Amino acid sequence: MIAFTVALGASLATAMLNVMLDVGDKVNRELKTYGANINVIPKEASLLDDLYGVSEGHGVSDRHLRESELGRLKTIFWAFNIVDFTPYLNAEARMSGLDADVRLVGTWFSHREALPTGETLDTGMRNMKSWWSIEGDWLSDGDADAAMVGALLAERAGLSVGDAVALESAGARRELTIKGIFEAGSAEDERVYVPLSVAQEMTGRPGLVSSVEVSALTTPDNELSRRAAQNPKSLSVKEWETWYCTAYVSAICYQIEEVLTDAVAKPIRQVAESEGTILKKTKLLMLLITILSLAGAALGISNLVTAGVMERSREIGLLKALGAGNAPVSWLILMEILITGAVGGAAGYFAGLGFAQIIGRTVFDAAINIKPMVIPLVAILVFLVILTGCVPSIRLLLSLRPAEVLHGR
Amino acid sequence: MYLLDLQGVSKIYGSVKALYGIDLTVEKGEWLAIMGPSGSGKTTMMNIIGCMDKPSEGKVLLGGVDISAESARSLTAVRREKIGLIFQQFHLINYLTALENVMVAQYYHSMPDEKEALQALDRVGLSDRAKHLPAQLSGGEQQRVCIARALINYPMLVLADEPTGNLDEANEGIVIDIFRKLHDEGITIIVVTHDPEVAEEAQRTVILEHGRIARIVENRK
Chain A
0 MIAFTVALGA SLATAMLNVM LDVGDKVNRE LKTYGANINV IPKEASLLDD LYGVSEGHGV
60 SDRHLRESEL GRLKTIFWAF NIVDFTPYLN AEARMSGLDA DVRLVGTWFS HREALPTGET
120 LDTGMRNMKS WWSIEGDWLS DGDADAAMVG ALLAERAGLS VGDAVALESA GARRELTIKG
180 IFEAGSAEDE RVYVPLSVAQ EMTGRPGLVS SVEVSALTTP DNELSRRAAQ NPKSLSVKEW
240 ETWYCTAYVS AICYQIEEVL TDAVAKPIRQ VAESEGTILK KTKLLMLLIT ILSLAGAALG
300 ISNLVTAGVM ERSREIGLLK ALGAGNAPVS WLILMEILIT GAVGGAAGYF AGLGFAQIIG
360 RTVFDAAINI KPMVIPLVAI LVFLVILTGC VPSIRLLLSL RPAEVLHGR
Chain B
0 MYLLDLQGVS KIYGSVKALY GIDLTVEKGE WLAIMGPSGS GKTTMMNIIG CMDKPSEGKV
60 LLGGVDISAE SARSLTAVRR EKIGLIFQQF HLINYLTALE NVMVAQYYHS MPDEKEALQA
120 LDRVGLSDRA KHLPAQLSGG EQQRVCIARA LINYPMLVLA DEPTGNLDEA NEGIVIDIFR
180 KLHDEGITII VVTHDPEVAE EAQRTVILEH GRIARIVENR K
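The listed protein sequences derive, respectively, from chains A and B. For the first sequence, numbering that gives the first Met the number 0 assigns the number 0 to the initial residue and increments by one for each residue that follows. For the second sequence, numbering that gives the first Met the number 0 assigns the number 0 to the initial residue and increments by one for each residue that follows.
Read the hints as simulated data drawn from the structure, not as lab findings. A couple of the hints might just be wrong.
What the simulated footprint calls covered on chain B by chain A, stretch by stretch (three residues with Cβ under 8 Å from a Cβ of chain A suffice, anywhere in the stretch; the number is not a length) [to be verified]: (1) 44-53; (2) 70-76; (3) 79-91; (4) 96-110.
Residues from chain A that keep clear of chain B, each with C-beta distances beyond 12 Å, as calculated [said to hold, decoys possible]: (5) ASN80; (6) ALA99; (7) ASN230; (8) LYS232; (9) ALA323.
All figures in this text were calculated on a predicted structure; none of them were measured in a lab. Backbone N, C-alpha and C define an ideal beta-carbon position, used for all residues, glycine too.
This is chain B alone, in the form it adopts within the complex (with noise of 0.2 Å):
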C-alpha cells in the first residue's frame, strides 16, 4: 500500500484547469520532489496533497483513506494528525518565540510540551534560539523553525513549500542536510521546487508542465 495514492486527480478553476488527470503515488520513507515551471500546477498539487484544498475530479488516499470527498473539518483534522508543513514564506508567527512557535502545533494537536518542542528545535540545532522572536532569526532559522514546527507531532507526510527559495546557499545546505536526516530516519518527504539542486536530492522528481506530469525522473543520489 502507497502512503500517498493520486488517482485522476483533476483541479479546474472555473474555466482553468491547474491540473489534469495526475496519477501518482508515493511509497512510505520516499523523498519526492516536485518541479515545474510557474503556473505548471504545484502548489495546486501541493494544497490538494497538503488537504489545503479538494480536487475538482480524481481520488486522493492517503494512507489508504480517500480524503477527497471528506468534508473541511475533517480535513482540518487531517492536516493536524497526519501533515507536516513547510513554507517559503516560513509563516512563523512574530510576536511569539522560535519555541512558542512549535507550541503552537502542539497546542491544536494534543497539549503544548516545553521539553518536546524544544527537542524539535535541537532536531534543527536551534535549541539555543529558543526564546528568540522570529525577527531576530536568520531566514534560515525562521526555516529550521518552521521545520521543527512541522516535525513535532510526528506528521505522517512533510510537505515542503519552496523550502529554499528564501535562502542563501549556507542556508540552503543546512535545510537540505536536515531533509536529508529525516529522510534517513524514514519520514516522507515532497518537496516543491524550482531548484533543480534541490530536486536532486529527491529519490524521483515529478516534473509537471501545464498541469499535467510531464516526466518522472529517478535521481542517481
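Just chain A, same shape as in the assembly (with noise of 0.2 Å):
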C-alpha cells in the first residue's frame, strides 16, 4: 500500500512537473493561433507614431523595412521562438464603386521563405490569421490578379466572390477578381488584401514593407523584463545577459532591432501579457495540483507507516529489547519505506509520464515533451514526502518501551 501511495503521489507529480514544464510551450502555440505579439515597424515611421499619433499610410512617412531583410528573423538568439511572421505593406486606394479611398494591403498568404541558414519556413496569413472566417478561397502569393476583401467593405460595396473590381493607387490601375471575402471581427474588414509582390508593383515600391507581424514564443514579462523594456541599459551586465537569454518579449524585440535596419520591435502588449498572464495561471494551477497529490501522499504514507509501526510494535519492542538504540531501529524502518517508496516512485514516474502523454493529447492534442530535469526533482520530492510521512511513526516508534509492547507494561 505504501509503495502504491508513492506511485500515486510520483505518478501525478511526475505528470503535472512535465505538463507544467512543457505547458509553456503548449500554451504559447494554442495562442499564437490568435494572432501575432511583436509588431515591427520602421523607427522613423514609430518616431512619428509616439510623438504625434499618426501611423504609416497617412502621406507623413514614407520610410520602408526591406522585404530581403525578413528572414533575418529567423537569425536571431531566439530564432526557434519566432513561430510566424507576415509582412505588410499598406496603401491607400482608390477602389471602383466607392467614393472614399480604402486600405490595400500587400501581405505575404502562404510563402515560402529562403532563410539565411539554408533552411525555408512557410509563413504568412493563412498562419497567423487562421481564425478568420473566410467565404471563397484564401488567396495564394501567386494569384496576382486576385485580392481578398474584407467582410465590411464588401457590404458596402456589394462584392461578392467571383466579382471583379479596379482598384487604383499612386496612379497605377489593376483589374482584379474578388477570390474570398473574410470576416476578421476588427478594422482588417474594411481593407482590401492582394499579394506582396502586387502591392509593391501597383505603389511603385519594389522589395518594401510598411510593417512586419510577428508570433514569438514567450516567457511571461518579471521586474527584470519590464526594467529591460524600458531601459536595457540600466541593466548590470549579469542582468543583461540574463535578460538577453531568457524569451522575454521585449528580449526578442531586442534581438529582431538588431538584425533589421532602422527597424523598431513592438510588443502588442495587450497579447503579450495575456499570454503571460494565463500561462502564469495555467502553471499555478499545475504547481497546486502537484504540492497537493503529494500532500496527499505524505498523508497516506505517514498513515500507513503508523499503522505498519503499530502492527510491528512486538517486533520493535524486541529489537530494543535486544539492544538496538532508537536510531538503528528508526533507520531500520526508513530504509525499509524509502526502498518500498523507491519502487513505488520508480513505477509511479513511468505511470506520470503516461498521465503526461493523455493530457498532452486530451487538453493539447500534442505529445508532452519528457523533461529529464523531472526524474531528480521527482526523485527528491518523493524522499522528502516519505521522509514527511514517516515523522509521526518515527515518533511513535521512538516512544516504543519494550517492556510495554512485550510485557504489556
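Two chains, each in its own frame: build the complex with the hints.
Pasting the structure below:
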C-alpha cells in the first residue's frame, strides 16, 4: 500500500511537472493561433506615431522595411521561438464603385521564405490569421490578379466572391477578381488584401514593406524584463545576459531590432500580457495540483507507516530489548519505507509519463516533451514526502518501550 | 562482589506499589527462580533487572555498577552487552529464519557471524532447523531459538520470563535440560516462573507476594 501511495503521488507529480515544464510552449502555441504578439515598423514611423499619433499610410512617412531582410528574423538568438511572421505593405487605393479611398494591404499568404541559414520557412497570413472566417478561398502568393476583401467593405461595395473590382493606387490601375471575402471582426474587415508583390508593383515600392507582424513564443514578463523594456542599458552585465538569454518579449524585440535595418519592434502588449497571465495561471494550477498530490501522498504514507509501526510494535520492542538503539531501529524502518517508496516512485514516474501524454493529447492535442530534469525533481520530492510521512511513525517508534510492548507494562 | 545487588528497590505506578523495598543479591553463576502469584511484581522485577524499566526508589547494581540512575540509552547498551532475554512468547521475528533470528542479536551487539550463530543453535540442538521459519518450528523449538539468541552474545546474566509457560511437558524438559547445562557452564540464570517444578531446578527460589519478598527458599537439587 505504501508503494502504491508513493506511486500515485509520484505519478501525479511526474505528470504535472512534465506538463508544467512543457505547458509554456503548448499554451504559447495555442495562443499563437490568435495572432501576432510583436509588431515591427520602421524607426521613423514609430517616432512619428509616438510623438504625433500618426501612423504609416497617411502620407507622413515614406520609410519602409526591406523585404529581403525578413529572413534574418530566424537568425536571432531566440530564432526557434519565432513561429511565424508576415510583412504588410499598406497603401491607400481607390476602388471602383466607392467614393472614399480604401486601405490596400499587400502581404504574404502562404509564403515559403528561404532563410539565411539555408533552411526554408512556410509562413504568411494563412498561419497568422487562422481564425478568420473565409467565404471563397484564401489567396496564394501567385494570385497576381486576385484579391481578398473584408466583409464590411464587401457589403458596402456590394461585392461577392467572383466579382471583378478595379483598384487604383499611386497612378497604377489593376483589375482584380474577388477570390475570398473574410470576416476578421476588426478594422481589417474594411481592407483589401492582395499578394505583397502586387501591392509593391502598384505602389511602386518594390522590395519594401510597411510593417511586419511576428508571432513568437515568449516567457511571461517579470520585473527584470519590464526594466529592460524601458531601458536595456540600465541593467548590469549579469542582468543583461539573463534578460537577453530569456525569451522575454522585450528581449526578442531587442534582438529583432538588431537584425533589421532601422526597425522598431514593439510588443503588442494586450496579447503578450494575456499570454503571460494565462501561462502563469496554468503553471500555478499545475504546481498546486503537484503540491496537493504530494501532500496527499505524505498523509497516506504517514497513516500507513504509523499503522505499520503499531502492527510491528512487538518486533520493534523486541529489537529494542535486544539492545537496538532508537537510531538503528528508526533507520531500519526508514530504509524499508525508502526502498518501498523507491519502487513505488519508479513505477509512479513511468505511470506519470503516461498521464502526461494523456493530458497532452487531450488538452493540447500534442505529445508532452519528457523533461529529464523531472527525474531528480520527482526523486527529491518522493524522498521528502516519505521523510515527512514517516515523522509521526518515527515519533511513535521512539516512544515505544520494550517493557510495555513485550510485557504489557 | 555480587553479580546482581538490589538495594531497597521499589516501583510505584501512580498509587500502585508494584514492588516495595526489595533487597536481593545474586552471585555469579547462580541459578535463581522468582515465583509468585499474578500481580506479585514478578514481571516488574524482571523488567528492572533486565534494564527495561527503572526503579522508583533504590539501587540496582549489575556487576558492581549502579544502573538504576542510568539513561535509557545506557540501559539499552547494558541490555545489549550484559543481558540475555528469554520470553514466554518467544518473540521471534516471523519472517526471519531461526538462524537469522539469532543473528539479529549479533547485529545489534557487534556484527553478524553465521558460523557462531549456527554453533549457538547447535548448543540448543537446533542446527538442523537453522533455515526454518518460526512458523515451521514447534513451540519448544521456538523457545530453543529464543535461548540461542539470548546466549549468542555471551551475556553476564540470562533472564528468562516463564520460559516453559507455553510448552508441553516434553519440551519443558528439554528447556530445563538446556538451563542445567548453562548453569553447569557457569552462566548466571534468573528464571521467573509459575511452575514449582521449574523453580525447584534453581538453587534458590524467591517468593514474591504483593510486591515484597515473602521468603527465599534454598532448593535441595
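A quick look at each hint next to the structure:
With 5 residues having a beta carbon nearer than 8 Å to a beta carbon of chain A, the region 44-53 of chain B meets the requirement of three or more and the stated coverage holds. Against chain A, the region 70-76 of chain B contributes 3 residues with a C-beta closer than 8 Å to a partner C-beta. That satisfies the three-residue criterion, and the hint holds. For the region 79-91 of chain B, the stated coverage by chain A holds: 6 residues have a C-beta nearer than 8 Å to a C-beta of that chain, and at least 3 were required. Proximity of the region 96-110 of chain B to chain A, defined as three or more residues with a beta carbon under 8 Å from a beta carbon of that chain, is established by the 4 residues found.
Remark: the non-interface label on A:ASN80 is consistent with the geometry, its nearest Cβ contact in chain B lying 58 Å away (cut-off 12 Å). Taking the minimum C-beta to C-beta distance to chain B, about 93 Å, the non-interface status of A:ALA99 holds against the 12 Å cut. Its beta-carbon lying about 65 Å from the closest one in chain B, A:ASN230 satisfies the requirement of being farther than 12 Å from that chain. Against chain B, the non-interface label of A:LYS232 holds: every CB pair exceeds 12 Å, the least being about 65 Å.
A beta-carbon of chain B is positioned within 12 Å of the beta-carbon of A:ALA323; the least distance is around 4 Å.
The structure shown violates just one earlier hint, number 9.
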